[in-house]
Amino acid sequence: MHGQEPLIFAIALIVGALGSMLGIGGGVLLIPLLTGLFGMPIKTAIGASIVSVIATSSAAGAVYVGRGLTHTRLAMVLEIATTLGALAGGITAVLLNPNLLAGLFGAVLIYVMYSMRRLRKEDPATVPTGLLTAHYTEPLTGQVITYGVHHLTRGLAASFVAGNISGLLGIGGGIIKVPVMSLVMGMPLRAAIATSNFMIGITAATSAIVYFQHGYIDPSVAIPTALGVLVGAQIGSRIGGRLRSQRLKQLFQGLLLVFAAQMFYRAITG
Amino acid sequence: MDETTQHEPSSGEAVTRIRHPDGPEPGAKPDADHSATSVVVLAPKEADRPIAAPATPVTESTPARRARVQVVPHLIELVTGLVVTPEEKKTARAQRDLNEVVHRMLIIGLAISTVLMLIGIGLDIALQRDIPTAVPDFRDVFARVAALRPSGFLALGLLVLIATPVLRVIGSIFAFIYERDWRYAGITFLVLVIILVSLVLGRA
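Protein chains in written order, with this note's numbering: chain G, 29 to 298; chain Z, 52 to 255.
Derived from the structure by calculation, the hints contain no laboratory data. Glycine residues also receive a C-beta, built at the ideal position from the N, C-alpha and C atoms. Do not take every clue at face value.
[As the list claims (entries may be wrong)] Short derived list, chain G residues pointing at chain Z, Cβ under 10 Å:
#1 A114
#2 I245
#3 D246
[To be verified] Heads up, incomplete: computed chain G residues facing chain Z, CB under 10 Å, no partners named:
#4 L35
#5 M104
#6 S248
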């Protein structure tokens with residue numbers, strides 16, 4: 029891939045901007061673009077994506093953690109399941125047939141497309157349940173919000189699946205975790221996003237260690253990708269408010285559909 | 052001197068909550084204050100904090116034990132930036148200190164990683180010694196760094212980036228230990244063990 033770094037950087041920048049405007053990690057778009065445009069092996073694209081997931085999580089974490097939104101205790105409990113999932117996923121991915129990985133990726137893209145239909149902004153009623161009670165200061169109102177956690181077992185199960193998919197396909201997994209934390213576990217959306225973001229970095233590191241040792245983290249791909257996504261996310265968060273999000277969401281869903289078709293095609297033809 | 056307001060002025064609610072246990076305790080032993088000032092070089096603010104807390108039942112108050120209790124937290128505070136207050140469990144202050152440690156880990160990790168990658172890119176442009184490529188073996192990474200090869204610096208930069216979330220986990224373990232929250236220290240340690248397993252099982 030030597031010599032193509034500027035182009036990889038530019039594409040990652042656009043993906044990072046789009047992702048941050050929609051609140052979705054860039055991995056779902058990055059991998060189809062890297063494989064489709066550069067003819068890159070899917071495992072190299074996954075390696076680059078997982079590194080950019082870590083970079084994004086760490087950069088965003090510096091903001092969220094500073095605001096005290098992250099529920100570190102809950103994150104660590106769920107992280108037992110997530111890292112186990114990521115470990116299993118990472119080890120499976122390096123052994124798995126690339127065509128099968130492409131097929132699985134296509135299926136995940138369809139799921140992401142579907143799940144975007146019910147991205148909600150309002151919070152469930154938050155009550156201290158006595159389980160892992162935490163609180164944070166709402167930045168807009170200055171109000172201190174105290175909340176507890178429901179259905180920890182279901183949360184653990186979902187976390188394992190999210191970690192597994194993250195390790196297998198090099199995406200963050202927030203698309204699974206945030207809805208579960210918010211809708212099932214009853215966390216305020218803000219805290220769920222911050223906590224999920226914190227977890228994503230740890231999960232991605234677990235599988236990145238596996239990918240690294242198998243030589244799938246190629247600096248000439250991973251570094252421009254990570255830098256591009258980081259810079260793009262900064263740009264995206266600044267222009268995000270100006271664009272009509274409904275139109276943007278439809279565009280994104282359209283892209284996902286195209287990429288899913290591309291991945292299924294790849295799975296069949298190799 | 053109120054250390055908490057100085058630390059983060061925005062969290063007004065948290066400050067009022069913890070000011071009470073942090074304030075001068077009527078039962079504070081004079082000798083405890085004295086020995087705290089003797090290690091003032093390590094942590095200048097420590098004199099304001101109750102160290103050997105009168106509130107907690109001290110079972111073995113031998114001089115050796117007391118010295119350990121007082122000196123070890125200072126060292127940890129110096130290394131991690133953690134404000135050590137063993138008596139307060141799960142308070143707003145402890146939570147915030149934990150966040151503060153994690154915050155530092157992130158910024159340090161990202162900065163080191165970026166510097167290494169920039170060195171790698173600089174060497175690549177200046178020397179053209181080798182085509183940057185994946186370096187799967189950790190020992191090989193260090194050998195290449197020692198030989199000033201761009202691929203070594205790029206790989207090491209990536210490794211530091213990957214290690215940053217792991218440092219957050221390690222930082223959280225320390226934070227839980229100094230909150231005396233053994234359960235969560237254990238849970239977080241288990242997470243670290245799983246990550247380390249990936250180091251072994253992930254070998255090609």
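Just to be careful: measuring from the Cβ of A114(G) to every Cβ in chain Z, is the smallest value less than 10 Å? 8 Å, holds
Interface hint for M104(G), Cβ within 10 Å of any Cβ on chain Z: 5 Å, holds
Interface hint for L35(G), Cβ within 10 Å of any Cβ on chain Z: The hint is violated - L35(G) has no Cβ within 10 Å of chain Z, the shortest such distance being about 16 Å.
How about I245(G): closest beta carbon in chain Z under 10 Å, or not? 6 Å, holds
Hint status (Cβ of S248(G) to nearest Cβ of chain Z, threshold 10 Å): 5 Å, holds
Interface hint for D246(G), Cβ within 10 Å of any Cβ on chain Z: 5 Å, holds
In the structure shown, a violation is registered for the earlier hint numbered 4 alone.
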